[in-house]
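A.B. asks: Generate coordinates for the entire structure from the input sequences, incorporating the hints supplied.
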Amino acid sequence: MKHLYLYYIIPLLMAVTCAGCERNAQDSSLPEDTVAATETAAVTETEETAPPPTNAPFPEADPNAVTFDEVGEDIAVVVADDEAAANGTLSIESVEGNRMLKFTDTSTTAENMGDMVQKLSFNMRSLLSPEDIERVSRIEFDLYAEAKDTLFVGDDDISRQVPGWIGGGGGTVTADDEWYGFADFSGSGLNEYDLERSDACHVTFKFLLAASGKKWDASMTEPNFLVMRWGMQNRSDIYIDNLTFYDTDGNSIPLSYSGSAEGGDATETADSDSTDMTDEESNITDVTAGEDDTTEETEE
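Take any residue in the sequence shown, note its place counting from 1, add 982, and you have its number in this note's numbering.
Do not rely on the hints blindly, as some may be mistaken.
Derived CB-CB ranges, DEER-like [what the hints assert, rightly or not]:
| id | residue 1 | residue 2 | range |
| --- | --- | --- | --- |
| 1 | S1141 | T1203 | 19 to 27 angstroms |
| 2 | S1170 | A1200 | 34 to 42 angstroms |
| 3 | D1231 | S1076 | 28 to 36 angstroms |
| 4 | I1140 | S1194 | 45 to 53 angstroms |
| 5 | S1240 | I1140 | 43 to 51 angstroms |
| 6 | I1140 | D1044 | 33 to 41 angstroms |
| 7 | I1140 | K1188 | 37 to 45 angstroms |
| 8 | T1186 | E1078 | 18 to 26 angstroms |
| 9 | P1236 | E1075 | 19 to 27 angstroms |
| 10 | S1073 | D1138 | 29 to 37 angstroms |
| 11 | N1080 | S1240 | 20 to 28 angstroms |
| 12 | G1171 | P1112 | 38 to 46 angstroms |
| 13 | E1078 | E1160 | 35 to 43 angstroms |
These are computed hints drawn from the structure, not numbers from a lab. Ideal Cβ placement from N, Cα and C applies to all residues, glycine included.
C.D. replies: What follows is the structure, given as structure tokens:
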């Protein structure tokens, strides 16, 4: 009986084994490049599903943001205090239905473009009460650049009407009457090499040394802060929108705007006295893209 059992079971096991070997042989017969292509496709699919890095602006403006629907250009002045500072005018312009503060550069040329710095000084007393000015821990805003020439030349040697690299810095005089430099900003992925007007570069200025007195207080008579853009690769103007102030807890601070949405003299420029700038600040105008600012306090 035992021999009879083996008589039937052994052929069955052999048949199963042969079938498995044949299937393995078929799999191993696939070309190596086909297997590699399959693996590469899987990796590519995974990479393409990952969200790209972005410097996108606020999806919606903070309720306490300066959106320039009710605020005029009188909150800021163009600072043209040295040969490297660009002259220009300020106005409120509607771009695709969105009102923004525009700095129209009137002095940058093909010859001086690499040295010019666009500078704006914002008057805090026109935006916040003295008590709220003292609460400010950080400042955020969106900055756009719009080309108005074809001086930019890409790697393909083709001239384009695009702004190119977007970056700069800023600073202020604090309650201790000393200049404080905010960390530099630099945008990427903003279509700055593809479109005439870039997407928004979201900028954050922080009082990193507030505990040491490097901040504003309610007793200051002319608190203001400076926004600078340098390293231009084409003649271009800039727009600013969604200017927002935050306290140490991350809460946005309500505005107490005192001015007119119609604005003041858009051609006004400021000298170093009217913006509380010091000799130390004036050295910042010599900074170009890729160089360090020795007066700037940066975040570790």
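A.B. asks: Hints first: check each against the structure and report whether it holds.
C.D. replies: These are the hints, each one checked on the structure:
{"no.": "1", "hint": "S1141 - T1203: 19 to 27 angstroms", "in the structure": "violated (48 angstroms)"}
{"no.": "2", "hint": "S1170 - A1200: 34 to 42 angstroms", "in the structure": "holds (38 angstroms)"}
{"no.": "3", "hint": "D1231 - S1076: 28 to 36 angstroms", "in the structure": "holds (34 angstroms)"}
{"no.": "4", "hint": "I1140 - S1194: 45 to 53 angstroms", "in the structure": "holds (50 angstroms)"}
{"no.": "5", "hint": "S1240 - I1140: 43 to 51 angstroms", "in the structure": "holds (49 angstroms)"}
{"no.": "6", "hint": "I1140 - D1044: 33 to 41 angstroms", "in the structure": "holds (40 angstroms)"}
{"no.": "7", "hint": "I1140 - K1188: 37 to 45 angstroms", "in the structure": "holds (39 angstroms)"}
{"no.": "8", "hint": "T1186 - E1078: 18 to 26 angstroms", "in the structure": "holds (24 angstroms)"}
{"no.": "9", "hint": "P1236 - E1075: 19 to 27 angstroms", "in the structure": "holds (26 angstroms)"}
{"no.": "10", "hint": "S1073 - D1138: 29 to 37 angstroms", "in the structure": "holds (35 angstroms)"}
{"no.": "11", "hint": "N1080 - S1240: 20 to 28 angstroms", "in the structure": "holds (24 angstroms)"}
{"no.": "12", "hint": "G1171 - P1112: 38 to 46 angstroms", "in the structure": "holds (39 angstroms)"}
{"no.": "13", "hint": "E1078 - E1160: 35 to 43 angstroms", "in the structure": "holds (41 angstroms)"}
When held up to the earlier numbered hints, the structure conflicts with hint 1 and nothing else.
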